[in-house]
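Just so you know, the protein sequences line up as chains A and B, in that order. Every position in the first sequence, counted from 1, becomes a number in the working numbering once 2 is added. Every position in the second sequence, counted from 1, becomes a number in the working numbering once 143 is added.
Accuracy of the hints is not assured; some may be wrong.
Below, a list of computed lysine to aspartate or glutamate pairs in the DMTMM-like style, where the Cα atoms sit at most 20 angstroms apart [said to hold, decoys possible]:
| id | chain 1 | residue 1 | chain 2 | residue 2 |
| --- | --- | --- | --- | --- |
| 1 | A | Lys-26 | B | Asp-373 |
| 2 | A | Lys-21 | B | Glu-366 |
| 3 | B | Lys-322 | A | Glu-84 |
| 4 | B | Lys-207 | A | Glu-84 |
| 5 | A | Lys-21 | B | Glu-462 |
| 6 | B | Lys-326 | A | Glu-43 |
| 7 | A | Lys-21 | B | Asp-531 |
| 8 | A | Lys-10 | B | Glu-366 |
| 9 | A | Lys-26 | B | Asp-339 |
| 10 | A | Lys-10 | B | Asp-373 |
| 11 | A | Lys-21 | B | Asp-184 |
| 12 | A | Lys-21 | B | Asp-361 |
Everything labelled a hint here was simulated from the structure, so no lab data went into it.
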Amino acid sequence: MGIAQGVKRTLMPIYSGLKHVFLKPYTVKWPYEKVPNLPDEGYRFDPKAGIGYPGSKGRHMLYMEKCTGCGSCDLACQNIAEAITMTYGFDVVIVMDEKCYEHFKASTPEIVGALDAIVSSFSAEPSYIQYNSLSSFFWTPTDIRQVIKIEGGYEIKLNLEPIFDARAVEILYQKVYTAVEKLRTAGWELRKHEAATESASVELSKHDFTVKVLVRKIDMGYKQNKRSLFPSVDYGRCVMCGFCVDACPFQALEMTSEFEISAISRRELVYTPNMLAKRPEELNVTGVPPELNVIERTRMVFRRLVW
Amino acid sequence: MAREEVKSLEVYEGGPALTFSMGPQHPGTGHFRMILTVVGDVVVRCDPDPGFVHRGEEKMCEYKTWITNIPHLERPAILDSAGMTYPYVLAVERLMGVEPPERAKYLRVIMAELQRICSHLYWLGLMGVFAGHATMYMWCFGDREYLVDLTQLIGGQRITHSYFVPGGVRNDAPVNVPKELMKDFRRYYRMMLGKDYPGGEVPEDFRKYALAVCDFFDTRLDEYYPMLLDSSIFIYRTKSIGVLKKEDAVSLGVVGPVLRGSGVKSDTRIDEPYDAYPYIKFNVPTMEGCDSYSRMMVGYYEMKESVRIIKQAIEQMPEGPVKLKQHPVTIRVPAGEVFASAEAARGQCSIYIRSDGTDRPYRVKICSPSFRNIIAIPHLIREVRIADVPIIYWSLNYWPVECDR
Numbered sequence: 003m004g005i006a007q008g009v010k011r012t013l014m015p016i017y018s019g020l021k022h023v024f025l026k027p028y029t030v031k032w033p034y035e036k037v038p039n040l041p042d043e044g045y046r047f048d049p050k051a052g053i054g055y056p057g058s059k060g061r062h063m064l065y066m067e068k069c070t071g072c073g074s075c076d077l078a079c080q081n082i083a084e085a086i087t088m089t090y091g092f093d094v095v096i097v098m099d100e101k102c103y104e105h106f107k108a109s110t111p112e113i114v115g116a117l118d119a120i121v122s123s124f125s126a127e128p129s130y131i132q133y134n135s136l137s138s139f140f141w142t143p144t145d146i147r148q149v150i151k152i153e154g155g156y157e158i159k160l161n162l163e164p165i166f167d168a169r170a171v172e173i174l175y176q177k178v179y180t181a182v183e184k185l186r187t188a189g190w191e192l193r194k195h196e197a198a199t200e201s202a203s204v205e206l207s208k209h210d211f212t213v214k215v216l217v218r219k220i221d222m223g224y225k226q227n228k229r230s231l232f233p234s235v236d237y238g239r240c241v242m243c244g245f246c247v248d249a250c251p252f253q254a255l256e257m258t259s260e261f262e263i264s265a266i267s268r269r270e271l272v273y274t275p276n277m278l279a280k281r282p283e284e285l286n287v288t289g290v291p292p293e294l295n296v297i298e299r300t301r302m303v304f305r306r307l308v309w
Numbered sequence: 144m145a146r147e148e149v150k151s152l153e154v155y156e157g158g159p160a161l162t163f164s165m166g167p168q169h170p171g172t173g174h175f176r177m178i179l180t181v182v183g184d185v186v187v188r189c190d191p192d193p194g195f196v197h198r199g200e201e202k203m204c205e206y207k208t209w210i211t212n213i214p215h216l217e218r219p220a221i222l223d224s225a226g227m228t229y230p231y232v233l234a235v236e237r238l239m240g241v242e243p244p245e246r247a248k249y250l251r252v253i254m255a256e257l258q259r260i261c262s263h264l265y266w267l268g269l270m271g272v273f274a275g276h277a278t279m280y281m282w283c284f285g286d287r288e289y290l291v292d293l294t295q296l297i298g299g300q301r302i303t304h305s306y307f308v309p310g311g312v313r314n315d316a317p318v319n320v321p322k323e324l325m326k327d328f329r330r331y332y333r334m335m336l337g338k339d340y341p342g343g344e345v346p347e348d349f350r351k352y353a354l355a356v357c358d359f360f361d362t363r364l365d366e367y368y369p370m371l372l373d374s375s376i377f378i379y380r381t382k383s384i385g386v387l388k389k390e391d392a393v394s395l396g397v398v399g400p401v402l403r404g405s406g407v408k409s410d411t412r413i414d415e416p417y418d419a420y421p422y423i424k425f426n427v428p429t430m431e432g433c434d435s436y437s438r439m440m441v442g443y444y445e446m447k448e449s450v451r452i453i454k455q456a457i458e459q460m461p462e463g464p465v466k467l468k469q470h471p472v473t474i475r476v477p478a479g480e481v482f483a484s485a486e487a488a489r490g491q492c493s494i495y496i497r498s499d500g501t502d503r504p505y506r507v508k509i510c511s512p513s514f515r516n517i518i519a520i521p522h523l524i525r526e527v528r529i530a531d532v533p534i535i536y537w538s539l540n541y542w543p544v545e546c547d548r
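Bound conformation, chain B alone:
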């Protein structure tokens, strides 16, 4: 980039302007740099500079086989690894012309929604830190622990579980929950809500335990509202900051909570339903405020909806096999091309695959939600104060690794 000279003074219309870098050491999410030009306290221009964490995921896909692509495909967004591998798995299934068993569909939905909540909690917690509210950070990470534990009970890992495979999921949900975890949840319940768990004993059955965690988290979400989202500090920091108008949002092509925060009701789970989503009732929350506060509120309501989805999925989940009969590591995929998209935590994640009938893809193109949302950064960070830059940046839930792939 030609604008390497940091802190060079130049005369800007209206006064002397200073150009400097924000980043690349963690402006919040990962290695990413914004080159800001300021006049006094006002940012007149923002030039995002992604690419510090480029890993060549797309090229890597061409060297790895169909199944062994899965562990590295979840690395761009480890908080939301289900959302990143979902479109890949759907695409490969469409190429193979197979349909996963019913139970696998529900398990996938549960996993994807758990990861969406975990990702959104991270977003909410860090947003709290950036708005000067450290309590929110602690609360979000404390509550996230029990949802991550659910993920680990199902998938075996806290975040990067490699759980989805073409043709189903790798293992069934467990029958029972470890005793230590039940005890620990009871202790945490008492600590957080100030009363004992109703009925005394936390259920040992996995389904009931998952429902108990969902109920608990729903109660906690109600406490988040007065603590952060309805507090005057947060409202003053975020209301009418970083306004992305409806028509701008559509023409820029942003996705996910950013688009829904601008009042456009668009969600891949509703528009092109996949797996078990057609059988589940849920709303797509939108906000008309178009500012940072609306985007944050969309994230908050989405967590509530995700809890609803998980509860329904756990109740409706049928018994049966969870995976098609196939070789665990080597699968055959016929030649052809396919496009699939799924709703990841940060928005629509799409994958285009071209296969030439060999044991590995010919080309994989990943269109990640952060890649779609980065275009809003120079649009929004303009004519704002420097102190508002982190708030706007975080309200977009931008994840550099996911963008750079």
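Bound-form chain A, shown alone:
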């Protein structure tokens, strides 16, 4: 009995393992193949019925035409992860008067140097990062030779897409102050400094030139959201619990099934309202990596067809 049992206990594991030798392997080659086991729908919440709809809790989806900027999602998140911040969209412009512009066209070294310093500090990595600050990591530079005529002067717009932040002055601190410090050592004088939530500016002058850097709020033009205040989500902090979706009384916030939120730097994980307003497939952050060559792609397709 003892021997028989011992033999059985030794051979049975080998037998049950051997059965699997002849079966086809199962491995899903992620990210080349997608993991199929996700519900397509994201988690939603019906505020009238007070109940959620089942779905994946992945990255958020913001409907900007429904969002009123009430900040309920921000309040709900404050006790959980502090991932959501209500943000305005900003433009950063350099404003010059007529005389400065004439000198700019004539390449006067002071003016050109000042503009160069401002633009280069704006495009460089921010020297100073406020803790939990939300300035967009991605921004598209404009052609700065494009000078727009405004009342009593000219302006140069530095960014193509809006920069989102909770406070305007934060953008000045992070993106412009390196240039301001540099210019002050070069003899420029800091004349005026405005640091408000919705707009901020610095005015620099030397001799009788005056250059102004202005951060001004963009009006997004939504009727229900006069202040143009929208949530930004920091996915370095978000725990995907979905209580912000529950808290939204206008069904403006939903979740999608996208979960592959990865980035090289922590600041890239901050999703601006414009990014949240796009569906995952539009934003194109996931999908088959472009470095995959044709043969590998074909093999993947073939493998799927066979099974």
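On the provided structure of chain A, position chain B as indicated by the hints.
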């Protein structure tokens, strides 16, 4: 701790003794250290040193509101987040004096049992690795995937789903299962069992799909038995290793599979039934062996019972609302104090709450199962060989984060 000097030689009775640390880099579960004193190959003393993953959950509860406590309360045991939030939700409901709708009770039971199986599979798989059996690890994690998918279909997340709230659950179960998942399950079924899914098509209806996964998992559990639990390697490694006698288990106050592995039939689901457990028939498996093997077998049989519970709950689940009408984020809880306990995967998890009528708790005391079981570590790891230490440690299913809270 005064015994910081690692690897210091001292003369112990019977020969020179060596003191060294096992951990804190992952002796298996998480950051936890055991300070072992050995003479030759024999451990004469074990001094557990928890606290590497202390997060201050209890203090954090005092700063967050009643609902926003839920996401962080599941963090101590993410494999078993339902078990950790269950007592909290029950306690808050008792304070509020409300009863969740019937359907919510069944959904909670399904979720809690799914998470119990997932947690136990993790336990079984890692136990296999520690006993030198890597196949078990792969099998457990492969099969766990489909149970985790069920969790995700209901709760939206694989593990930390924040699904339970005071007054019910956050959303109903879905009606249909995604087509891709059905296809994938069919493929996995064929790969694992070597035959096609009976009847050809995997059901699209959620209830039927869940039952199909349960049936499949039950079949797989039968295959685990000859593979690991009845194999001679595993039996030689675990039989009569780490014997925790019945009277010791009771006097030390251990809970869960450790207590039941010592032959004491104690289970919160039976002793103080809550939610839908009174309406469901199931056994509480116990083993009389009192050793590591018995504890593991209790975990194995508990998975079988959980499958039974899920099947019954899915069949008995009535239609209706799943949540009380209330504000989704801000709820009002009257002043008072309350104590509630629920059976988490690792044993009884209890929570004591004191409320002063504001929007957040005045005090929350968590008594987690691993906190109750850590006392068995110095008791069991004594006069054993070093090679048996991981086996005994794992047979307790100790989870450092849950203990440190």
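Give me the numbers of the hints this structure contradicts, sorted from smallest to largest. Those not satisfied are hints 1, 3, 5, 7, 11.
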